[in-house]
Amino acid sequence: MESIVNAALAGAGRASLADALPPATPEGALIGSLADESAEQRLLLAAGVRAIYRLAGYVPEHIETPVHPAPAETKTICPPQVADLIQHILGERVDDLLREALERMVAAGMILPPGMLPLALGSATVAQRPLMAQVAGERGAWLGGCNSAWSWVRESQAHYQDDQDALPADAETIWQEGTPADRLHILARWRATDPATARDEIAAVWRQEKADFRVEMTEALAVNLSAADEPLLEAALDDRSGNVRAVAQRLLTRIPGSAYVERAKTRADALLTMGKKKLVTTLPDVYEQAWERDGISAKARHGTGERSWWLLRIIALTPPAHWVERFGLSPTDLIAAATDEHATDVLQGWSHAAVRYDAREWTQPLVDMWTKRLAGRRNGDASPLEMCELLLPHLPHSSLEAMARNILQHGESKQDISWEMLATALHRPWSVQLTRAWLAGLRTFAGELSALKGYPPDWWECSEEHVMRLPLACLDEVLAPWDVAEAKSGNWQAVNWRQQHQAFLKAVRLRQRIRDEIPGT
Amino acid sequence: MPFTGEQALALAPDTASASAGRKLANARHWKSLGRNAEALWGECQGSGKDPYQVRVDLASLSVKCSCPSHKFPCKHGLGLMLIFAGNPRDLAEGEPPPWVADWLAKRHTREEKQAATTLSPEAVAAKEQTREKGKAKRAEKREKLVAQGIANLNLWLDDLIRNGLAAVETQPGSFWESQAARMTDSQIAGIAGRVRSMATLPGSDADWPDRLLGDLGRVTLLSRAYTRLETLELPLREDVRHLVGWPLRTEDLETQGERVIDDWAYLGQWVEMQDRGQVQYTWLRGQSCGRTALIVQFALFNKPFADLLMPGVCQRAEVGFWPSAHPQRAYVLARQGDVRSITGPIPGACAIEPFLASVAESLAQQPWQERFLAVLAQVTPQYDAATGAWHARDAQGAALPLTPGDYWLLLAVSGGHPVDLAGEWDGEQLRPLGTLAEGIYYPLGEAE
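Chains as they are written, first to last, in my numbering: chain L, 204 to 724; chain W, 2 to 449.
Source of the hints: derived by calculation from the structure; they are not laboratory data. Quick reminder that beta carbons are idealized off the backbone N, C-alpha and C, glycines included. It cannot be assumed that every hint is accurate.
[Unchecked claim] Computed list of lysine to any residue pairs in SDA-like fashion (alpha-carbon distance at most 25 Å, straight line):
| id | chain 1 | residue 1 | chain 2 | residue 2 |
| --- | --- | --- | --- | --- |
| 1 | W | Lys65 | W | Gln257 |
| 2 | W | Lys32 | L | Ala706 |
| 3 | L | Lys709 | W | Arg195 |
| 4 | W | Lys24 | L | Leu708 |
| 5 | W | Lys145 | W | Ala86 |
| 6 | L | Lys709 | W | Gly35 |
| 7 | L | Lys480 | L | His525 |
| 8 | W | Lys50 | W | Ser20 |
| 9 | W | Lys138 | W | Gln257 |
| 10 | L | Lys709 | W | Ser20 |
| 11 | L | Lys278 | W | Gly440 |
| 12 | W | Lys32 | L | His525 |
| 13 | L | Lys617 | L | Thr574 |
| 14 | L | Lys278 | W | Gly417 |
| 15 | L | Lys709 | W | Ala86 |
| 16 | W | Lys32 | L | Gln702 |
| 17 | L | Lys691 | W | Ser48 |
| 18 | L | Lys709 | W | Gly417 |
| 19 | W | Lys32 | L | Val687 |
| 20 | L | Lys691 | L | Ser621 |
| 21 | W | Lys65 | W | Ala86 |
| 22 | L | Lys709 | W | Gln329 |
| 23 | L | Lys691 | L | Thr647 |
| 24 | W | Lys24 | L | Pro282 |
| 25 | L | Lys709 | W | Ser18 |
| 26 | L | Lys691 | W | Gly417 |
[Unchecked claim] Just so you have them, the derived chain W footprint on chain L, three or more residues with Cβ under 8 Å:
| id | region |
| --- | --- |
| 27 | 207–215 |
| 28 | 542–554 |
So here's chain L without its partners, still in its complex pose (with noise of 0.2 Å):
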């Protein structure tokens, strides 16, 4: 510390101005001016000399190199009333929107403009960030190096790219040493281009790796599946993580005459014989404990017995087509035979297997049986229900639209699958047509809101929840002027439906917006 500062804190009646101040310095060539002075002021006075010309003499500091600058950008910055756009959604903190908006920008060969990309990064979600990071650009990917908070930007760009791309050169020392993202990114390249190589290096490495890697591998060798990957998945099916065994059953369903389908026919064949025209179930006996490793467990799912549960299991691990074969009947036939005191079971177990082995001409015939129990089911019995919610998903669409169509035309009746069992299944977006069929009833609901009582049905719900169920091609139609009847305060219910409607309306008008003003492919 200077010496005017050690004698100001020393106290000037204690300490030597002369020392304090040495004529030499401007503040020391001053004071000598001021000898009258009491020391106090003397030192003051030159103090704020001292400060001022401080002050005007500060010395910038000096910073060799400058930064590395962010590579021109190769895409094209997107038009200020998209920027304004995407800022007004992520004010809304709608995904789904949010979601379209930034597919359809990455369809188009769009990123965002530098001055939003603090706000975009920002407020990005994990499962945003690979769509965000492909809009942010070179910028993005430049920002995410200097701030820690959005490296993931440069990460998630990198993934992209490599889709495009052959494998990177250092392909070999990622599979070593990288994360476990980028690790499974490298093997999925493998595992498209070269089945055998992927094949190879994950036996090499299986013994080291972790349950939920081990899972994450058998679950690449899906794509380009053959009969070349048998070997390595009946291996995986003595694994000690029930997980990677799930998995390894599944795949192995898909590679025809694996010997893991063979076993489960042999299994299945002495449980079901035919009688006239009935089938004839016999129970298994013991629980052979060779059966673990294929999928069917010693231990009885809740409320189901021992011998019934390992029927079911094993049925469903069985091609449906088998029994068509065997028996020479269709499904439905052989729907219609399962009549004896295990029907219950094996249908089930047909269900399981019709998804599991995706044997499309099963699942109506099997969801039509389930409807039928749904209608005249005892309390408590809850596998018509279950069994219809495992099968909608793999109707054909039109089928499921249909239903849909009947509920709107006539409501729901207990035969029915319910409304709100079919809207999860159904297909994003919906079909013109079922969506012009729901509009035309909505509107009729709307004018008549005034004599609502209780809640209104399901399907005439309508929130911001529900506009990604409308084609992009109905929205005008949409948002065509709406009659709403007035709701009474005391009415509640239409108080609130007509408030969600607002809501519904207004993420309809900027979904709207967004295939207007974003290029679409």
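With chain L's structure known, arrange chain W on it following the hints.
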């Protein structure tokens, strides 16, 4: 488009208003929306029976709304401006309805009245005469009080330095506060403010004795200058009087001070919290004259600032400067033209060394200055992740440290390339106020 959505949002009194305004920035909340060259208007359905009538004067961006909100501008005003910034087509061009026309007419008469006072020196002189007597008496009383205050200040300063600054490290805040209060009573509020700000120094960092000594020294110089006021040149006399505590009155600008008509760019602003309210600093630069104007507004907590000053825009206006050896403190007397976005270049932008030379020059004219507008040309913002330090580096490698903060927007728009940067320099740190990158001016607000 005269202003952007971000600029409109910068006017929001708080973040709640900003987000409420953003929600209302959609035509469907509005019963009617309209505009002409002078104003925007709209009727917004609130919770009440009648919609609120909202109007915005485009020349001054003054907002008038019939809602009961005490916030200013209210969310309806912000919403209306945001619609205009985002979707101007939503506002039908046309003749204003009576409730807008009346308001505009009233504003015009008021402005004309002001103009009339400004234009007729006789009227001013007559008014002056009647005031003169009472004024002289009050002034005499005040001079006495101030003289007493300065004498007390000198005794206190001498005591402090005689006993040594080491002794003040353990003093409580009240040690400084009670001195400041006494000085305020003696009408030397300017010095009182400087003393009050010294309270935070002792023990704050290793350099505190050096800083405190410098501050005390400058106050001593000020006190000394005041006692020898008659020996100073006229404009510097005004500086010293103001720094001691004589307030700057807007009405004084009618009779004295310099007026400059120019296109003024509102480069940026920041708000400093003080014990009784908040102080807003807004920096302007004349596009043709190249001069710098600093507009300081004070507001009590939760009260709006009297004038809405939107950073990032440019408007033709008459600006009055209070007399000073280095005129900088100013007031917008009359707004004359449309509000436009700043597109650059900002006049007077230069590298760091020439800027620092200009700081030294202005200190030579008025040595008590504490804030300087820096308009730096072609500087690259840099962030050191290891230390968290931000710098602005020019082409020669000279660099100024930025006030600690997060400047990701600045970094994002520069991308490691040189930009023009406006900021407030306090002798140690540069507080970024706005940046011009690729022809777009971005105000850099506090809330970034």
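So, going through the hints one by one against the coordinates:
For the proposed pair Lys65/W and Gln257/W, the alpha carbon gap of about 32 Å is over 25 Å, so the pair is violated. Proposed proximity of Lys32/W and Ala706/L is supported: the alpha carbons are some 18 Å apart, at most 25 Å. As the CA atoms of Lys709/L and Arg195/W are separated by approximately 54 Å, the hinted pair breaks the 25 Å bound. A threshold of 25 Å between alpha carbons decides the hint, and for Lys24/W with Leu708/L the separation of about 15 Å falls inside it, so the pair holds.
In summary, the hint linking Lys145/W to Ala86/W is not supported, as the alpha carbons are separated by about 54 Å, beyond the 25 Å threshold. For the given pair, Lys709/L sits about 22 Å from Gly35/W by alpha-carbon distance, which is consistent with the 25 Å threshold. For the given pair, Lys480/L sits about 18 Å from His525/L by alpha-carbon distance, which is consistent with the 25 Å threshold. Only pairs whose Cα atoms come within 25 Å are accepted, and Lys50/W paired with Ser20/W is accepted, the gap being roughly 24 Å.
Between Lys138/W and Gln257/W the alpha-carbon distance is near 21 Å, which keeps this suggested pair within the 25 Å criterion. About 17 Å separates the Cα atoms of Lys709/L and Ser20/W, which keeps this hinted pair within 25 Å; it holds. Restraint check for Lys278/L and Gly440/W: satisfied, since their Cα atoms lie roughly 20 Å apart, inside the 25 Å limit. In summary, the hint linking Lys32/W to His525/L is not supported, as the alpha carbons are separated by about 68 Å, beyond the 25 Å threshold.
At roughly 9 Å between alpha-carbon atoms, Lys617/L and Thr574/L fall within 25 Å of each other, so this suggested pair holds. With a CA separation close to 19 Å, the supplied pair Lys278/L and Gly417/W stays within the 25 Å bound. Of the pairs offered as hints, the one joining Lys709/L and Ala86/W holds, with about 20 Å between alpha carbons and a cut-off of 25 Å not exceeded. For a cut-off of 25 Å, the pair hint linking Lys32/W to Gln702/L stands: about 18 Å separates their Cα positions.
Restraint check for Lys691/L and Ser48/W: the C-alpha separation of about 17 Å stays at or below 25 Å, so the hint holds. Annotation: proposed proximity of Lys709/L to Gly417/W is violated, straight-line Cα distance about 40 Å (limit 25 Å). Pair hint Lys32/W plus Val687/L holds up; C-alpha atoms about 18 Å apart against a cutoff of 25 Å. At roughly 30 Å between alpha-carbon atoms, Lys691/L and Ser621/L are farther apart than 25 Å, so this suggested pair is violated.
Note on Lys65/W and Ala86/W: the hinted pairing holds, with a Cα-Cα distance of about 18 Å set against a maximum of 25 Å. Distance hint between Lys709/L and Gln329/W is unfulfilled; the C-alpha atoms sit about 49 Å from each other, more than 25 Å. Distance hint between Lys691/L and Thr647/L is fulfilled; the C-alpha atoms sit about 18 Å from each other, no more than 25 Å. A threshold of 25 Å between alpha carbons decides the hint, and for Lys24/W with Pro282/L the separation of about 22 Å falls inside it, so the pair holds.
With a CA separation close to 21 Å, the supplied pair Lys709/L and Ser18/W stays within the 25 Å bound. For the suggested pair Lys691/L and Gly417/W, the alpha carbons sit about 60 Å apart, so the restraint of at most 25 Å is broken. Judged by the Cβ-Cβ criterion of 8 Å, the region 207–215 of chain L is covered by chain W as claimed, because 7 of its residues qualify and three suffice. Proximity of the region 542–554 of chain L to chain W, defined as three or more residues with a beta carbon under 8 Å from a beta carbon of that chain, is not established by the 0 residues found.
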